[in-house]
Every structure is written in C-alpha cells, then in structure tokens.
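To convert a position in the sequence shown, counted from 1, into the working numbering, add 852.
What the hints contain is simulated information worked out from the structure, not anything from laboratory work.
In this text the structure is predicted, and so the values were computed from the model without any measurement.
Please note that the accuracy of each hint is not assured.
[As the list claims (entries may be wrong)] Label pairs and their in silico Cβ distance ranges:
1) Asp975 / Ala927: 32 to 38 Å
2) Glu999 / Ala927: 23 to 29 Å
3) His947 / Arg1011: 17 to 23 Å
4) Asp875 / Glu985: 26 to 32 Å
5) Ala951 / Glu985: 27 to 33 Å
[To be verified] In the DSS-like style, the derived pairs of lysine-lysine whose C-alpha atoms are separated by at most 27 Å in a straight line are:
6) Lys987 / Lys881
7) Lys854 / Lys952
8) Lys854 / Lys987
For each residue, glycine too, the CB sits at the ideal point set by N, CA and C.
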Amino acid sequence: MKTLTLLRHAKSGWDDPVARDFDRPLNAKGKRAAAMVGRHMRSLDLAFDHAIASPAVRVVETLAQIESGYGRTIAPAMDRRVYLASAVTLLDVVHGFPAKATRALLIGHNPGLEDLVLMLVADGADPLRDAVEDKYPTASIAELEFEGDWSDLAAGTARLTRFVRPRDLDPTLGPDAD
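Using the sequences and the hints, build the whole thing.
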C-alpha cells in the first residue's frame, strides 16, 4: 500500500507588486492556515519518506509555515515541473518516485492538484471526492492510497482517505476569494 499526500500552497498575496507569478509570497491568512494545517498533520502523526515540491516562493513559504506547526523538517526536493503543472505532468512526477518510498508528499498548485485527485479517484458516491470537485482550497491536504508501485498509479486506481481544508480546522480560515 502506498500513500500519496497532496498539499496545495497556502493563500498568497495578489496585491504584492512582484513582477512574476512565481515570486508571489503568502499573505497573513495563508501563513496562519499553513501553520494550522501543519499542527493538524502533527496531530495525525503523518510522516513522509519522500517529498517533492514546486520551487515557487508561495510553496517554499507554505512549507516553512507547515514545518513550524508540524514540528518536523520535511525538506522536499524542489522540482520545477511541479510549478503550475497539469494533472498529467504531476502523475509523471509521481511515477518517478523511488520504489522504496511508501508515504510521499507532493506540494504544488491548482488546478493540477485538484485535477490529479479527480483523475486518480473514480467518480462515484464519495463525499470526499465531491468536496475536492467542489473546491480544493489553498493549504488543503488530500491523502490517497493505492496498491502497487508509484509507476502503477493510474486513473481510477486510488482511494481518497482524507481531505482537510483549513476551514475544517478553524472557521475563520474559511472561504473567500481563494
């Protein structure tokens, strides 16, 4: 059994006058949400033996806040392919995970992460999948399980076992324009 945890970066600022999307930093709400999700990850005793992340500033800053709440260093490999990647590209990245890894973390962006969940988890009467399809908010985590090797992961072969949004942990982190 393999477990793939997907983490979307926390809420970033749009009013910062940076020149490139890649350089957008987190806003205050994003920092709070990421630290809260990190604490929740610690309470669940989540652990990872492999991690890959987009090198975008908002992902790096999300990771720092997650680690502050989580109480552990994650130290993912930064992979430029994850930046604004499609679900197909993200699946290619996952296919390259080391065979010995059993619990992996992928930190990136939407719509790729949401589309990846919807691709990997068969459509059906699943309230968690329905929640992802409705919206995969910033700083949310989705945990998927499947049998086989990373290279075997394909459409409809995973089961969504957890979907946690910041607003599930603190209503003040609820929806707005993210």
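Here's how the hints hold up against the structure:
no.: 1; hint: Asp975 / Ala927: 32 to 38 Å; result: holds, 35 Å
no.: 2; hint: Glu999 / Ala927: 23 to 29 Å; result: holds, 28 Å
no.: 3; hint: His947 / Arg1011: 17 to 23 Å; result: holds, 18 Å
no.: 4; hint: Asp875 / Glu985: 26 to 32 Å; result: holds, 30 Å
no.: 5; hint: Ala951 / Glu985: 27 to 33 Å; result: holds, 31 Å
no.: 6; hint: Lys987 / Lys881; result: holds, 18 Å
no.: 7; hint: Lys854 / Lys952; result: holds, 10 Å
no.: 8; hint: Lys854 / Lys987; result: holds, 25 Å
Hint compliance for this structure: every hint is met.
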